[in-house]
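The primary structure of each chain is shown beneath.
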Amino acid sequence: MSAIPKNLPDEVQAPVTTRSTSPAPALWSELLLRSMAELRELFTGLGTELGQETADDFDHLFEGGQRLTQMLSSTEAAASRHDLMNVLAAIRGYAELLHEDLGGQFAEVGEALTRLLKAVQAANNEDSTPPVAGTTQRVITSEPGFILAVDDLQENRELVARYLSRSGHIVVTAASGSEALATLGEADVDVVLLDLMMPDMDGHEVLRRIKEHPDWRATPVIVISGSQDMDGIIECIEAGADDYLFKPFNPVLLQARIKAGIERKRWHDREEQYRQQLERNEKFIRATFGRYLSDEIVTDILERPEGLELGGDLRRVTILMSDIRGFTTLSEHLAPAQVVTLLNRYLGAMTDIIMAHQGTIDEFIGDAILAVFGAPQHRDDDANRAVRCALAMQAAMDEINALNRAEGLPEIHTGIALNTGDVIAGNIGSERRSKYGFVGHPMNVTSRIEDKTAAGEILASHSTLESLTGDFRSGDSRKIKVKGIGESIVVHQILGFAT
Amino acid sequence: MSEEKPILLVEDNELNREMLVRRLTRAGLKVLTACDGQEALDLMTSELPAVVLMDMSLPVLDGWTACRLARQDDRISHIPIIALTAHAMEEDRLKALKAGCDDYATKPVDFPELLRKIETLSAS
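Note that the protein sequences, when read in sequence, are chains A and X. In terms of my numbering, the numbers along the first sequence are unbroken and rise by one, the last being 1023. In terms of my numbering, the numbers along the second sequence are unbroken and rise by one, the last being 128.
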């Protein structure tokens, strides 16, 4: 103290002295506020047993406590020691008065008052320490958040609002549970500070409703208990509360918990955004590609992110290729719109049939359809379904042609080729453009067989016929020379089901 | 301790003032109050209290100045003044005594001790 120049004004001297001499400056204030809270509880319990004068003394005591709380939360060093000492003086005065009057009669009150007075004494002993500086030395910086403070007591709401708005948060208050729920319905709240003791709808009920609401359940709730009611707090945590504070709370602790709450909420918000984005993407992919790919492929791609990687695996599949005989010549005599009508009708009907047989449409090439049975999903009856599908496709042509005739469009006839073999199935292409597709020798062979089909005919390779387990009627077998492959293969006419 | 003459409490902090009035009254004293230094000097002149309890940080006219002025005024220079100070530091105590206060009590006051001081000074 000797180092301090004597001519400095008091306001300057005080803080300078303290920092160096006080190791734990804020302890007494916590002690004091805690015993103040205890007394508040006890006072509420006693209520009518006390005379008016005593009740007035309590009121004054609590007013002192409240002023002290405000001062301790003030970051302005200007909350001078003079003011602080005045408040402490008043608290001490009333506490001593009450102790004289009640100490003998109500042991618990007496003990709480004694603790309070000890705290004042501690403050006094450290009188060179402005606790204002002590409690606020640790500054909690946090992303600003939108805080909903729920408390039925106006002074508590104001206090919290003052604490938190000072650190940049936006604070809205609610005086009751129903008001709080209404606010939650209107605004995107980051953290709820919830007092447990409220008339009408208490904090437990508000908490329950928040945690049951699909949109609010992720909003962190910090419950505030007026008493050291650990059982009540445990109940709240079980009911979904994220954190808790006992009144009177340390402003720094409040800030720290609010910060953690905001971070939790932000994290959840980001996750939620990401989830919604994914959902939108998936919807978009399904809507866009579902028209071209079977649901199975779409689901397969969506469910396995690695399915989007380029590359694939070797699969034994039955390939179905169909096209309209003489379509090129046919379309030369039609208006473009008519060609499109004709094609759409045909491709639409065929798509339905192929999908009904769980085939995978690889692509439409003009009037040609390339479908595969056995990828992405292998089934034991892949070849059977492919043959049944081909028969159904041919059978559907009558109906299509009836419609064509009715509209003055030409009749069309298709040839269908079936072949079974090992192909590579997977995402083929470049990073920018890829599709689920198939490559391999059997694909080319199918195409060559297709070239040999006549209108209304289904030709299956020997390998397909060998893969069949059901009974089908096959007709002529022929050996065809396949262009560019350098070998001849045996194909069989498929006529229908065995009867 | 039932003095005929009242004691004067000069304190601008309402909470603290009320508390002291309540306690002093309960102790059997007649208490007058003033909220600033000027009012204190006026009441000292008109009521001639037995003892003055004076906070030092006061609006309008601070406690030290009021004290100094009281000491220069023959009508009231004899009235004992107890400084109520929020500062327990030696400098503040000296400052109050230099200004002419007879004694001092540091806030939050030890009430029984304050009563003893009042008794001593009002008896003299």
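Since the hints were derived computationally from the structure, they do not count as laboratory data. Glycine residues also receive a C-beta, built at the ideal position from the N, C-alpha and C atoms. A few of these clues could be false.
Below 25 Å or equal to it, Euclidean Cα-Cα: the simulated DMTMM-like pairs (lysine to aspartate or glutamate) are [as the list claims (entries may be wrong)]:
1) 976(A) to 946(A)
2) 783(A) to 793(A)
3) 34(X) to 16(X)
4) 34(X) to 51(X)
5) 99(X) to 66(X)
6) 1005(A) to 990(A)
7) 102(X) to 806(A)
8) 735(A) to 803(A)
9) 642(A) to 667(A)
10) 34(X) to 625(A)
11) 121(X) to 625(A)
12) 34(X) to 682(A)
13) 121(X) to 22(X)
14) 807(A) to 876(A)
15) 642(A) to 114(X)
16) 34(X) to 624(A)
17) 959(A) to 793(A)
18) 783(A) to 679(A)
19) 642(A) to 22(X)
20) 642(A) to 117(X)
21) 735(A) to 703(A)
22) 783(A) to 682(A)
23) 121(X) to 923(A)
24) 102(X) to 22(X)
25) 121(X) to 607(A)
26) 34(X) to 95(X)
27) 642(A) to 736(A)
28) 99(X) to 806(A)
29) 34(X) to 946(A)
30) 34(X) to 905(A)
31) 121(X) to 107(X)
32) 642(A) to 46(X)
Simulated coverage check for chain X against chain A, where a stretch passes if three residues somewhere in it have a Cβ under 8 Å from a Cβ of chain A [claimed, not checked]:
33) 45–57
34) 112–120
Just a sample of chain A residues kept apart from chain X, beta carbon distances all over 12 Å, derived [stated by the list, open to error]:
35) 588
36) 607
37) 608
38) 610
39) 618
40) 619
Taking the hints in turn, this is what the structure says about them:
no., hint, verdict
1, 976(A) to 946(A), "holds (22 Å)"
2, 783(A) to 793(A), "holds (15 Å)"
3, 34(X) to 16(X), "holds (19 Å)"
4, 34(X) to 51(X), "holds (12 Å)"
5, 99(X) to 66(X), "holds (13 Å)"
6, 1005(A) to 990(A), "holds (20 Å)"
7, 102(X) to 806(A), "violated (85 Å)"
8, 735(A) to 803(A), "holds (24 Å)"
9, 642(A) to 667(A), "violated (38 Å)"
10, 34(X) to 625(A), "holds (21 Å)"
11, 121(X) to 625(A), "holds (24 Å)"
12, 34(X) to 682(A), "violated (39 Å)"
13, 121(X) to 22(X), "holds (20 Å)"
14, 807(A) to 876(A), "holds (21 Å)"
15, 642(A) to 114(X), "holds (13 Å)"
16, 34(X) to 624(A), "holds (21 Å)"
17, 959(A) to 793(A), "violated (34 Å)"
18, 783(A) to 679(A), "holds (23 Å)"
19, 642(A) to 22(X), "holds (22 Å)"
20, 642(A) to 117(X), "holds (18 Å)"
21, 735(A) to 703(A), "holds (16 Å)"
22, 783(A) to 682(A), "holds (19 Å)"
23, 121(X) to 923(A), "violated (119 Å)"
24, 102(X) to 22(X), "violated (28 Å)"
25, 121(X) to 607(A), "holds (24 Å)"
26, 34(X) to 95(X), "violated (32 Å)"
27, 642(A) to 736(A), "violated (45 Å)"
28, 99(X) to 806(A), "violated (80 Å)"
29, 34(X) to 946(A), "violated (113 Å)"
30, 34(X) to 905(A), "violated (110 Å)"
31, 121(X) to 107(X), "holds (8 Å)"
32, 642(A) to 46(X), "violated (39 Å)"
33, 45–57, "violated (count 0)"
34, 112–120, "holds (count 3)"
35, 588, "violated (6 Å)"
36, 607, "violated (8 Å)"
37, 608, "violated (8 Å)"
38, 610, "violated (4 Å)"
39, 618, "violated (6 Å)"
40, 619, "violated (9 Å)"
The structure is inconsistent with the numbered hints 7, 9, 12, 17, 23, 24, 26, 27, 28, 29, 30, 32, 33, 35, 36, 37, 38, 39 and 40, although it conforms to all the rest.
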